[in-house]
Amino acid sequence: MSKLQESLTQGQFTITGEVGPPKGVDLHHCWQEEVSYIRNRVVAINVTDNQSSVMRISSVSICALLAKEGLEPILQITCRDRNRLAIQGDILGAYALGIRNILALTGDHNSAGDHPGSMPVFDLDSVSLLATLSALKGGKDLAGLDLEGAPADIFGGAIVTPGAEPIGMQIIKMERKIEAGAKFFQTQAIYDPKTFERFMNKASAFGVPVLCGIVIIKSPAMAKYMNSSVPGVFVPEAMIKPLSDTPKEDRWKVSLELMTTFIQEIKPMCQGLHIMAMGWEKYVPPMLDMCGM
Amino acid sequence: MVVNVPKPDNEILEMVKEYNSLFIVACGGCPVGCNSGGEAKVRELADFLGRSGKKVAGSTLIDFLCNKALVGTRLLANVGQLKKSQAVLVLSCGIGVQATGNMIDLPALPANDTLGSQGMQGLWPSTERCAGCGTCYLALTGGVCPITMCAKHLLNGMCGGQHDGKCEVEKTRDCGWYLIYTKLEELGKLDNLKKIPKLRDFRKVEVSDTERNTTRWALEKQDVYEARKPSAEAKEEKK
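Taken in sequence, the protein lines are chains A and B. Residue numbers for the first sequence, in my numbering: 40 to 332. Residue numbers for the second sequence, in my numbering: 259 to 497.
I should point out that these hints are in silico values taken from the structure, not numbers from a laboratory.
Below are the DSSO-like pairs computed for lysine-lysine, each with C-alpha atoms no more than 30 Å apart in a straight line:
id, chain 1, residue 1, chain 2, residue 2
1, A, Lys222, B, Lys447
2, B, Lys312, B, Lys447
3, B, Lys429, A, Lys62
4, A, Lys233, B, Lys452
5, A, Lys292, A, Lys321
6, B, Lys462, B, Lys447
7, A, Lys222, B, Lys456
8, A, Lys241, B, Lys453
Extracted from the complex, chain B is given alone in its bound form (with noise of 0.2 Å):
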């Protein structure tokens, strides 16, 4: 389970300022079990954007989107409304934006934050990493992750190990903000690098209780301690 809450609205308002016509995409696994996705949420978000003044193009509810290829596969089916969209929204941890992000050629913007999972969750494993840091930054760096593709997890630009766009850590390993930089100037939005909060806020990396305590991970909790009870015919047998 990784564990992402909505976006505050004024948040999302700001992502989407400058689009008119949305599409959203929701993931069918961890968002529905802690009731941060799903149709439902779906549901609410375009009712939401539609108040706001905003046209939403489609939807589409995929399990699960941190699977790459499957998100490719499924959103074959909603060209059409891709093709009337300017950017997409993704209910989802930061996984399923950057995996949504790297299939399409539309900006995918977070509408959900990704909280810690403080251990190892079951993923599909591809490139894109989420380390759960509380504050999603995807829509201000053009889909690339600076937490989780900077081996400093800086906030302000590339630092000075950057070497032919690699890493001074790893010499195969991509330089996360080489890759922010070419994104942004490709996208002409260079200007985002000038609104990223210069700090970040660790408190957010600690999740609290009733975070923890997803719908999802009560019922599995259950399912093991009624599994444990022995039956009554046991019971029996026993005497």
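Bound conformation, chain A alone (with noise of 0.2 Å):
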């Protein structure tokens, strides 16, 4: 049973990171700057695959180096760059380098990426990715032939946008994926304790753990930037107006006041928190120690 897998099963209040792979092989920025920050302060770190269709190093490679250091990687798949021959090849190959949670997403399309061209390849999707995973599990694979050796301690989980309209829609596909086999849950970003909390009196009927998505507003350009550009993200007026009141260098300590709040109002909500810091990982131990976690 994997360290997350643990966590979530035994009841208790999960915090999970995020790193983004450098695109070189030169990761002295993400060990310093991005793992170093978190690598003691959450259960598990969620490493992004080819994040906003920018091709970067490898998911598995990232992970596989972080399960070295005894650390407990989330690898993320996306469907856009690999068909399902690859993508079940590269989840026995991260099982056999000691991987064991997995989040399945669709993915983001190429043409918003740095390689607009490429060919999007979306032969699964994040429903039947989490259908692959369990399958794999089970010791067959998608064509139905017996694997040599099952990866029977996969732990999957998806991702779900409590802001997202139609709510219906996205209650529908959270179901349709705990169908499919997702054990946990990760939120898109989120601001609103209210719309939360909307979300959460459905999705908590599934009885599914749901870490909420933290991502730390460090400006008023940000906050707009997500209102108008990140779907199903909402940055309400109430957590702009003070961030545009501070002068820029003080800014940090509102952001963090902002989050501590929000985070506390959702806490007795979910079973957990994901924090995409993008950046900002030094501000995350200071975080949670204003939250007291």
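Grab the two chains, each in its own frame, and use the hints to assemble them into the complex.
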């Protein structure tokens, strides 16, 4: 059983973090500026897979290096770049390298990334990828053929967007993901406790742990960008104004206070947090200190 | 030529399970050419439905269903029969099914599966598209095609890129899954989302040689061949 699975099964409030692999083989920044700040504060670390359709060093390789150091990786797999043969092979390979947790995503479309002329694969999607994990766990591949050794301890999860409209579609898809084998959920960033509550009122009925997605708002510009361009994410004016009223150099303090208030409000509603620091990894420990976590 | 083949009988019956009274719309174009439509097939389908305990309120053959304006004007003559029907079975490629569905208030269900055209073909261009995936999903998706309307061709619902009903790929482009969801919600059929197969079968995209050799295609080949043969007079003159 993975540490993540153990933590969630025991009903502990579980915190996960996230790092983005670099575009190249120099891992210095990734380790010194990202992993080092969060490694002692989270149960497991997500490693993104060609995030935003931008080519980077593979997620499997970074996960394997984390595992080698005794850290707990969560391998993110998207369906944009590989077909069902390649993905199944990667899952088995990751398992052999000590990776147990997998987060299944459909993936952003190629058109927004740095290789817009590449072939969009999408042979599988988030739901069929979860079904693939379940099949492999049970010792069979997608063609129904027997495996020589099943990756029986895979712990598969998925994502959900609490602020998405129409919310009915999110809930149906969440249910479909659970039927396909999702054992935990990490959410897209959310800032409005009321919206999160509305979502959890529906989602908690499924009995699958939900880790609330936390992206620290760094500036009013970032908030405005998220509101106009990130689907299903809404930063309320009540969070933007205090940041606008604060001089640039002191903003991080206000950011952490705002996030702490939000986290304390949503804590009783969910089973943990998924913190996507996106360059602000050094602020994760003080934020968690402020939350008493 | 858009090659399409009749769906298996059991699939048709499953599709019309909840309807007692049906209307048949058939395309007089490509399906006639590849022997999957036309008068004879309409009669065959009507007989089959009758034997299976369904009432066929009427039928019509229209050249060509990809011409949506024509579909609308021609169906005006059948309003009486359509009012007595709960759904329409369409003998055509996926475009004809979508075009028919977009001109009437009844569910338009595909009686045929469309095979890959593997290239450009003569079509009346409107908003409907058919990719010839070999497995027509339109009966489950409220007549909106997930393969052509979704930029990622997803089968399991909308991705995280949907924003105000639009696609992450292009801000002006409708999200196909948003259209499917709102249509099914309107029809009270959101349960359909759980019936869609999770995986695509890409073998169906490949077309066998016999399926390509349709009657009309063979005729066209023959005409071209004969036209190119030098006439007896021309041969004489050369001498």
